[in-house]
Amino acid sequence: MSIPTNNIQTTDGIARLGVENGFTVFEYDGERIRFRAPYSLERYTNVKEWDHGYLVVDAQYRHNTEPEEEYIDLEPVLHDLYINADRFLDPIRKVEVSHA
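In terms of the UniProt record's numbering, the sequence shown opens at residue 1 and continues consecutively.
Simulated from the structure, these hints should not be mistaken for laboratory data.
Restraint-style ranges between C-beta atoms, simulated for each label pair:
(1) Asp86 x His63: 34 to 40 Å
(2) Gly13 x Glu75: 15 to 21 Å
(3) Ile14 x Asp73: 18 to 24 Å
(4) Glu68 x Ile14: 23 to 29 Å
(5) Gly13 x Thr65: 33 to 39 Å
(6) Arg43 x Asp12: 20 to 26 Å
The beta-carbon is built from N, C-alpha and C at its ideal position, and this holds for glycine as well.
Throw the hints in and build the complete structure from the sequences for me.
Listed below in structure tokens is the structure:
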């Protein structure tokens, strides 16, 4: 689901990744995309790599004391939401973990 947000506008090329109420949340330039996260995901701790929609991240799960490496591909998510992936992803230069 893509939900416009008026309170988070990032036009500096930096997107935010976080977890909220069982969903992974990806925010950039006033757009908020949410999709179901694994049930035991507590938070993302680090973004290791960003490559035009493909993320390598460290994630903290309830069942493990150490973060685990995870992979997120946003292109199929954007496609399913009828969002032009190239147009949405091209301006993003960096992704940071949101701690809000």
